[in-house]
Amino acid sequence: MAEFHQSRKRIIQLIFVGAFVVIAARLFYLQVVDIRYRQIANAQAIVRKLVYPTRGIIYDRHGRVVVNNTALYDLVVTPSEVKHLDTTFLCRLLGIDMASFRERMEKIIRRNSRYRQSVFAELLPPDVYGRIAENLYQFPGFELVERPVRNYPYPVAAHIFGYIGEVDSATIKRSHGFYQAGDFVGKTGLEKAYEEVLRGQRGVAYLVRDSRNRIQGSYAGGIYDTPAVAGKNLYLSLDIELQQLGEQLLQNKIGSIVAIDPQTGGILAMVSSPSYDPNELSGAERSKKFSRLFNDPELPLFNRPIQATYPPGSTFKPVDALIALHEGVITPSYGYDCRGVYLACGRPIKCTESFPGHASNLYNALAYSCNSYFSQVFRFIVDKDHHPTQGLAEWDRYVNDFGLGKKLGIDLPGENSGYIPDSTHYNKIFGRHHWNSCTIVSLGIGQGEITETPLQLANVMCIIANHGYYYTPHVVDSIEGDPGFYFRHLIKHRIAANVSDTDYDIVTRAMAAVVERGTATIASIPGITICGKTGTAQNFAIINGKRVELKDHSLFAAFAPREHPKIAIAVVVENAGFGASWAAPIASLMIEKYLRDSISTSRLPLLHRIMEANLIPEYMLERKRRLDSLNRIHDQLEAMKAVKPKDTLIP
Amino acid sequence: MESYRHTSTELIKPGVDKLLIALYLLLVIVGWLSIFAVEHRAGEDVLYHMMHLSRNYSRQLMWVGISMLLALVVLLVDSRIFPALANLMYAFGIMLLLVVLVAGKDIKGSHSWLVIGGFQFQPAEFTKLTTNLALAKYLSRLDVDFSTLRSRLIAIGLIALPAAIIILQSETGLALVYLSFFLALYREGLPGIILIIGFSAIVLVLSSLLVEKHLLLIIFSIAAAIVIYLMRRSFRRHPERLLLILLIWGFCSVFVMQIVPYIFTHVLKPYQVTRINVMLGKASNPQSSYNVLQSKIAIGSGGFWGKGYLKGTQTRYEFVPEQSTDFIFCTVGEDFGFVGSMMLLGIYLIMLFRIIQIAERQRSTFSRVYAYGVAGVVFFHVVINIGMTVGLAPVIGIPLPWMSYGGSSMITFTLLLFVLIRLDADRQKILR
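Chains as they are written, first to last, in the numbering used here: chain A, 1 to 651; chain B, 652 to 1083.
Because the hints were derived from the structure by calculation, they are not lab data.
Note that the structure is predicted; figures quoted are calculated from it, not measured.
Hints may be right or wrong, so weigh each one.
Okay, derived cross-link-like pairs now, BS3-like style, lysine-lysine, Cα gap no bigger than 25 angstroms in a straight line [claimed, not checked]: (1) B:K669 to A:K9; (2) A:K407 to A:K566; (3) B:K962 to A:K9; (4) B:K962 to A:K49.
Have a look at the derived ranges for each label pair, beta carbon to beta carbon [claimed, not checked]: (5) B:E695 to A:F178: 32 to 42 angstroms; (6) B:L698 to A:Y115: 26 to 36 angstroms; (7) B:V905 to A:N42: 45 to 55 angstroms; (8) B:E695 to A:Y486: 47 to 57 angstroms; (9) A:M640 to B:E695: 54 to 64 angstroms.
Ideal Cβ positions, reconstructed from N, Cα and C, are used throughout, including at glycine.
Construct the entire structure; sequences and hints are all you get.
This is how it looks when you write it as structure tokens:
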């Protein structure tokens, strides 16, 4: 009888097929039609992790490593994995109190969830790292993660290298997704100027994680990963030992040294004083140290060689001489009978020398830095066309040719252009036709409105040393793996006014006389002919609302040796007095060090006298004292705050 | 039998269905590889874990070994032993289920496990075999006329008894499996109207769950009114038709308004209600919907060709819960994609058709009923298990035959199939 129902086999088969078709259709929808599930799966299981390249290393001109990478450690925590924590012990190792421990933990959980790893304490000082590493097994959920930071084998040249810091939101926006919050980026100096070269290329690694966010290895065997490309190394024209000497010479002084190789424009040394150890702004307590430097009245973060401007004073006189010779308003034998004061313009201009004949010709006038002589020469230039506006414009053109009043284009950020006044400037002050060569005569001796950066002053020395051209000053000579950089970078600027070699020879001879028998005999080095020029610049400051004349800036500009110039140098020591007393011997020692590689024993007493001298002006010391006492009170308050909760919290 | 003196291999070989054995081996291998894929990590010492049974895949291999040993025993015994021992085994199965009620252990919210010598064993799996044998035995008795109501009720009773005890063990999912024996009953002559009514009831239940009950009442009323209007001319000659329509309308209304709410509040456990609601998309139980969502993500992310063996991320890194047991299909779906899933479904469908073909070539009613029982159980398991992984069926936690990790289901399904193969080998005999 049951056999009669054999036809029902068909119906049963139909039911089977029907059910399977429904499932197959559903699978088709899930796996082929709807791509959403693939995206969800990738979002859940695949982690896109950025791989940071190592930043490029920086070498000096002799291949010595001057900026390197080292590793510090961050203490990171995954809150969900923290178990049986001896909080008091950990707090003691870290030097924090329970309250801030709890605060940090809550912040981490709120921001980044319990299951994700977050930084608990960043850039641990080495001693703290050591203590925690020893006891890490007692703190499940905590881990020490390596983090590369900059390291400076020579604690100098902070202003040149600059520093790196966390990227700000404006830069993140501008980078079109390259930077992410928390990335480190060059903030100043070479780190900023060569950020794109130094940073390298970030890689991306795709990792697989499980449902509890634990990394399980690379995704798909790493075929989608892009490796990080390390940053390129920089080779500088800088001589780190010369830099070191410069910083020692300028310690406890405010000022700058710029030394350039006139044959390439490469910066040999560029000292800004006061300075700081670049290692301070890399690593633990970075932000605290930064704010101290930031608030220091001596402005240690200010890169004086390219950012500070000074009246050049007498260091400007060689340029005057070159213009006058080329314009033909004087010959080298022209003399001026100076008796210690220039009276031709009514208002007396004092001269440092008064013995007769100190301005009997150009050589003497420059050697003894006669103010009367160069005031007269300047007036010759301005009055040559019987119209001061035209004369000044002519003078401006020359001065501009010499790289003044404009940025030179050094490969460091923040360069200042200095200031060269033109006729519009004076028309505004005095009115059209209401001024003449006498009104502006102080420009001739580098005073008045004219200002230069120490870099520009050193560059003028390059032009004179080269007889009419200079290369754009630069710190970086070459970049690893970019052989074209050197030639692209080496830009020669020839002075438009075709001053003849003879004129240069005359001025060079006069400048050699400055060191041989003139104002800067202190700078002379046996066997090396230095061509230089001292400068003593009047300056003022606003102190407590009053304009106060401060002690003169001490300046010296030079190049050496005369025959084949290898170094051009400018030294400025603020509020230190005569150019000859401080700037000239400093420049001389720098030249000796660079050309001879060492300081002769006979000059060591001079070296030590300068190194030990404290020339910080009194008003600055006063400001510092005031800030220090404020800081002390601040520290005491902090200390009290830190102690109080500890007492109340620990039972 | 005495006239034949065969060596053991010859004893097995003639008449043994090679296709079924091949499909069985294929499923076991695919299943084992899937379990392996879930747990295996690159660089892991596979041999070590094999020796120490420290992974699911190593233990599963042990279960496969034991199952095959038992299968060999089944193939070696005289096929007459099955009808002979059917009732005894049924009684033994019921006894085991009762023992579980008393001495069972709670594992994952179900009271259905016996722990013997460190091994966990689920008698509810095993009784599928014994129930099937007993059903076949009963329907093949010469004095049973399946067209009578009495015999039908006894047959249904044979099925309902173990199911009822299993429900008491909080394993509703496994109890529902016993519904699949109705397939065999249908083949043996249970009126199709019962299946249709059953199907209609399912539609009614579903609609009562999905649609607001008052709206449903209005729909029923309008439908009844339309039918009455259309049939208004025939009522004069057949007034009983009007009565029937009104009765159906009344039953549906009462069912929707009273019975379903009553079942939901009094009969079903809260977790079952949420599972049904989650399946219907009416509620989102965090755990249950998480499981299904993760399962869908794993299968869906496989795409057309799949990610490749051992390359799935969702199934390998603990995103899908119960990965090796209830949700083993996800591994196939993720690693081998739509193509692989279709091939697996194909293997099951070929197997089911082959079983039906085998059933129809039996001379003995016992063998035929038994075969249809196997087909029903396998069909139910495959459709509900895969349906649950793709979000078509509620998560009732039943294994995928021969693939899911677990000794009880592996042994039960292997025995279920090899008893059939053994019976089929003797298909010329009339077994009672």
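Hint check:
no. : hint                                 : result
1   : B:K669 to A:K9                       : holds, 22 angstroms
2   : A:K407 to A:K566                     : holds, 23 angstroms
3   : B:K962 to A:K9                       : violated, 41 angstroms
4   : B:K962 to A:K49                      : holds, 19 angstroms
5   : B:E695 to A:F178: 32 to 42 angstroms : holds, 39 angstroms
6   : B:L698 to A:Y115: 26 to 36 angstroms : holds, 34 angstroms
7   : B:V905 to A:N42: 45 to 55 angstroms  : holds, 51 angstroms
8   : B:E695 to A:Y486: 47 to 57 angstroms : holds, 55 angstroms
9   : A:M640 to B:E695: 54 to 64 angstroms : holds, 58 angstroms
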